[in-house]
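Asks: Dock chain V against the given chain F, drawing on the hints supplied.
2 protein chains.
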Amino acid sequence: MSSDVVVTMDLQLTPEAGPHFARMDASGLEGTRNFPGCRGVQIVLHKSDANRFMFIERWESEDAYANYIKWRKESGQFQALETMATSIKIDIWPQTIVTV
Amino acid sequence: MSSDVVVTMDLQLTPEAGPHFARMDASGLEGTRNFPGCRGVQIVLHKSDANRFMFIERWESEDAYANYIKWRKESGQFQALETMATSIKIDIWPQTIVTV
Chain F
-12 MSSDVVVTMD LQLTPEAGPH FARMDASGLE GTRNFPGCRG VQIVLHKSDA
38 NRFMFIERWE SEDAYANYIK WRKESGQFQA LETMATSIKI DIWPQTIVTV
Chain V
-12 MSSDVVVTMD LQLTPEAGPH FARMDASGLE GTRNFPGCRG VQIVLHKSDA
38 NRFMFIERWE SEDAYANYIK WRKESGQFQA LETMATSIKI DIWPQTIVTV
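If you read the protein sequences in the order shown, they are chains F and V. Just so you know, my numbering puts 2 at position 15 of the first sequence, and the rest follows in order with no gaps. Just so you know, my numbering puts -2 at position 11 of the second sequence, and the rest follows in order with no gaps.
Pulled out of the complex, with its shape left as it was, chain F reads as follows (with noise of 0.2 Å):
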C-alpha cells in the first residue's frame, strides 16, 4: 500500500487558456517532478470539458506539498494560473484506505 500523500487539483480553466494548457509536455512539470518530496504527477483532461483538468499528485508529505506551493506562490506562476482559472479546486488527501 503506498504511503503517498494524495493532492488533487481541479482546475477549470477558461476558454481561451484550456487549449493551450492542453498541449503542455514533460517539461512544465519539471519544477515540479523535482521538487523534494514529489513522487510523481499525472494531469488529466475531462471526458466533456475541454477546459477542465485534474492534477493528481504524490508527495512524501504534506509538508512537502506545502512548501511546494510556497515556492510556486513565491515565484508567481501559482498567481499566474489563477489569471487562467475560473475554479482551482485543491484537496489533500493524506491516508490511503485500499489500493488494488
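Just so you know, the hints here were simulated from the structure itself, not pulled from any lab data. Heads up, some of the hints might be wrong.
The calculated lysine-lysine pairs, modelled on DSS-like cross-linking and capped at a C-alpha distance of 30 Å, are [to be verified]: (1) Lys60(F) x Lys76(F); (2) Lys34(V) x Lys76(V); (3) Lys57(V) x Lys34(F); (4) Lys34(F) x Lys60(V); (5) Lys34(V) x Lys60(F); (6) Lys76(F) x Lys57(F); (7) Lys76(F) x Lys76(V); (8) Lys76(V) x Lys34(F); (9) Lys34(F) x Lys34(V); (10) Lys34(V) x Lys76(F).
Replies: Here is chain V on its own, set in the frame of chain F:
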C-alpha cells in the same frame, strides 16, 4: 505515458457511514479489480473531512467502465452506496496530458 482512462469518484458519505467505510480492506475492491478492463483503484481519505473519499480508478477504456457501473447497478451495490452517501460525483478523464 499512460493510456488508461482515469475515473474519479468524489464520495461524500453520511457521518454514520464514513468511519465504517474507512475500515474497508482490499477484499471490498476485489469485484472491481477483477472486472474486465480494470487496471487499478486507489481509495483515499480527505485530510479534513472523515466522511469524504476519493476513488482514483484506471480503466482500459470508457466502455469497460460503463460495463462495470452497469454491473454494479444491476447487482444493487451502487444503490447501496447511494443510501450511505450525501453526494457522489463521478468524472471521466480519458486523456492524459502529461505524466511525470
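Asks: Does the alpha-carbon distance linking Lys76(F) and Lys76(V) stay inside the 30 Å limit?
Replies: Status holds; Cα separation ~14 Å.
Asks: Is the straight-line distance between the alpha-carbon of Lys76(F) and that of Lys57(F) 30 Å or less?
Replies: The given pair, whose Cα atoms are some 16 Å apart, holds under the 30 Å limit.
Asks: Assess, step by step, whether the Cα of Lys34(F) is no farther than 30 Å from the Cα of Lys34(V), and give holds or violated.
Replies: Within the cut-off at roughly 27 Å; holds.
Asks: Hey, Lys57(V) versus Lys34(F), does the alpha-carbon distance stay inside 30 Å?
Replies: At roughly 19 Å apart (the allowed maximum being 30 Å), Lys34(F) and Lys57(V) satisfy the hint.
Asks: Do the alpha carbons of Lys34(V) and Lys76(F) lie within 30 Å of each other, as the hint requires?
Replies: Between Lys34(V) and Lys76(F) the Cα gap is close to 14 Å, so the pair holds against 30 Å.
Asks: Are the Cα atoms of Lys76(V) and Lys34(F) separated by 30 Å or less?
Replies: Between Lys76(V) and Lys34(F) the Cα gap is close to 14 Å, so the pair holds against 30 Å.
Asks: Within a Cα-Cα threshold of 30 Å, do Lys34(F) and Lys60(V) meet the stated pairing?
Replies: holds (22 Å)
Asks: Does Lys34(V) pair with Lys60(F) here, judged by a C-alpha cut-off of 30 Å?
Replies: holds (22 Å)
Asks: Within a Cα-Cα threshold of 30 Å, do Lys34(V) and Lys76(V) meet the stated pairing?
Replies: Answer holds: Lys34(V) to Lys76(V) is near 18 Å, not above 30 Å.
Asks: Is it true that the CA of Lys60(F) sits at most 30 Å from the CA of Lys76(F)?
Replies: holds (16 Å)
In summary, the structure agrees with every hint in the numbered list given earlier.
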